[in-house]
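Asker: Sequence:
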Amino acid sequence: MSNERFDRLIKQNLESVRPGYQPSAWTRFRKRLPLGFWASLLPYGGWLLSALMLTGWMTTLYTLHTNQQVIKRLTKTLTVRTDPVKMNPAPPVPTVSTHRIDTVYVVQRTVVEHRYIHEREANIRTSSNQLISQARPTNEPANRRLSRSERQGDSTRLGGTPGESKSLVAPRPTASNTHKPDQLSRNNTSGHRPDKPSPSDVVTSNQMRQITPSPTKGTVADSVNRVSTEATAAIPIDSNQVLKDRPTLTKVDSATQKPAKPEVIPLAAQPAKQSRPPFRLSSLQPRVGVETGATLDGVGVGPAIEFFPTENLGISIGVQASQLQLEEHKELRDFNAATGAEFVEKYRAFLPAQYDQIKDISVRTSLVSLPVSLKYYVPLRRNWSLLFQTGTSFDVAAYQQVRYESYYQGNEQFHSFEMDAQPRFFHNFMFGAGVQYRRPRISAQLSPYYLYDFRSIANTPAGNNVGIKASVWLDLFK
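UniProt numbering applies: residue 1 is where the sequence shown begins, and numbers increase by one.
Take these hints with a grain of salt, some might be off.
What the hints assert, rightly or not - DSS-like, lysine-lysine: derived pairs with alpha carbons at most 27 angstroms apart:
# : residue 1 : residue 2
1 : LYS330    : LYS11
2 : LYS11     : LYS346
3 : LYS359    : LYS11
4 : LYS330    : LYS359
5 : LYS346    : LYS330
6 : LYS359    : LYS346
Said to hold, decoys possible - Pair ranges (Cβ atoms, derived):
#  : residue 1 : residue 2 : range
7  : ALA25     : VAL301    : 24 to 32 angstroms
8  : LEU64     : LEU296    : 30 to 38 angstroms
9  : TRP47     : LEU474    : 33 to 41 angstroms
10 : GLN409    : PRO43     : 47 to 55 angstroms
The hints are simulated quantities; they were obtained by calculation from the structure and are not laboratory data.
Quantities reported herein were computed from a predicted structural model and do not represent experimental measurements.
Idealized CB from N, CA, C, for every residue including glycine.
Given only the sequences and the hints, what does the whole structure look like? Please build it.
Answerer: Set out below in structure tokens:
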């Protein structure tokens, strides 16, 4: 009877009996197992996870509260500084024309020789002499005669020559025009011819001629008023002289003056709506690194990349290759008891055709996984930060390398083969917290974590586990 058949029969007999399970038996057997101190920590993994999550939650709330207070203070400060100034409308400024308007008075002196003066002209002369004496300066006598040089100066100011002033003198009356003076001479009671008028009389008669009313312009009184008005307005006024200390009325030429532009009150500049900037990879602050994870069952390493959607929130994705701890079994029954599967049935395709005994079985499992983590960073000091992370690991592929020894008729043979194992794509959760040390472009992280494994891949031990992660990161953009 071979050993395998004997084992199979013993197993069948034991399964047929199936005695009841006693907890005390497991307690006695548990003390003899070669387990370390860490096994006693596994039942308290939930408490540890709860403590880490509570600490991270409280720290996050405190950080958010502090940030909100800072944002409120900054908002108040910006509102005060960017508040548009209410500008009071300026009082209307009187429009002052820069167009120069000067008044020029042209004085024409006409010397007319009169041979006969009647009584009405004498009365008019008397009234005009009074007006002229009022218009003259006080230091100038009324009967002052105009010299020849003055008359030449007056004619020169009028734009003429001394020779032209002589042409202003009326010519002597001809024979056809002397019939009216002859009639006047007949009415004269003196009976003798009047003397030739003096120069002062000539000037007086010239001024009298200027104020003599015409039948189409008005009476003598209107002429006198007009002369007095012109006498007071004889002083030219420069329109550019404007009194600044009190409002004045300025004469404006409506034909040449341009309409004044209405005063425009500047409004507060409104911020233009900024268009959304195009997406750039540098806005996510990507960084690449090497991440290593170690658990009680194996070690893994691989590249990873991390993005920062916000300032303190990071998402890391990587590829990690890990090897689980080597499983060694002395006999077939040890392998069957540890894995719950028959070694002969599972690996029949790789067994020799004839064998008497199989011993020293070793199985090494390798995994290729995609770890995904969500990290939140809380700044502590200048270069140190506290991080909280959670995530999972998606198993993509699993490989097993099996070695064993077979005996046939006393001959020993060594066998080795490799096969694909069926992985469980999603089978665990990870929770952890740690610290980060940051330099200008290089960062280092160290984070212990708790692994909650709710199902295992084929031929691997199942159950919760603890581990630690260490990683080094390099920023892609400054």
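Asker: Holds or violated: LYS330 with LYS11, Cα cutoff 27 angstroms?
Answerer: Satisfied, since the Cα-Cα distance of roughly 18 angstroms is no more than 27 angstroms.
Asker: Per the hint of 30 to 38 angstroms, is the separation of the Cβ atoms of LEU64 and LEU296 within bounds?
Answerer: 36 angstroms Cβ-Cβ, so the 30 to 38 angstroms window holds.
Asker: Is the hinted pair LYS346 and LYS330 satisfied, with a Cα-Cα distance of at most 27 angstroms?
Answerer: holds (17 angstroms)
Asker: Check whether the Cα positions of LYS359 and LYS11 lie no farther apart than 27 angstroms.
Answerer: Holds, at roughly 19 angstroms.
Asker: Are TRP47 and LEU474 spaced within 33 to 41 angstroms by their CB atoms?
Answerer: For LEU474 against TRP47, whose Cβ atoms are near 37 angstroms apart, the range 33 to 41 angstroms holds.
Asker: Just to be careful, I want the Cα atoms of LYS330 and LYS359 compared with a cutoff of 27 angstroms; is the pair within it?
Answerer: With Cα atoms ~6 angstroms apart, LYS330 and LYS359 stay inside 27 angstroms; holds.
Asker: Given the hinted pair LYS11 and LYS346, is their Cα-Cα distance within 27 angstroms?
Answerer: holds (18 angstroms)
Asker: Please work out if LYS359 and LYS346 have their alpha carbons no farther apart than 27 angstroms.
Answerer: Since the Cα atoms of LYS359 and LYS346 sit roughly 16 angstroms apart, the hinted pair holds (cutoff 27 angstroms).
Asker: Evaluate the given range 47 to 55 angstroms for the C-beta pair formed by GLN409 and PRO43.
Answerer: At 50 angstroms between Cβs, range holds.
Asker: Is the hinted range of 24 to 32 angstroms satisfied by the C-beta distance from ALA25 to VAL301?
Answerer: Hint violated: Cβ distance 42 angstroms, outside 24 to 32 angstroms.
Of the hints listed earlier, the one the structure fails to meet is number 7.
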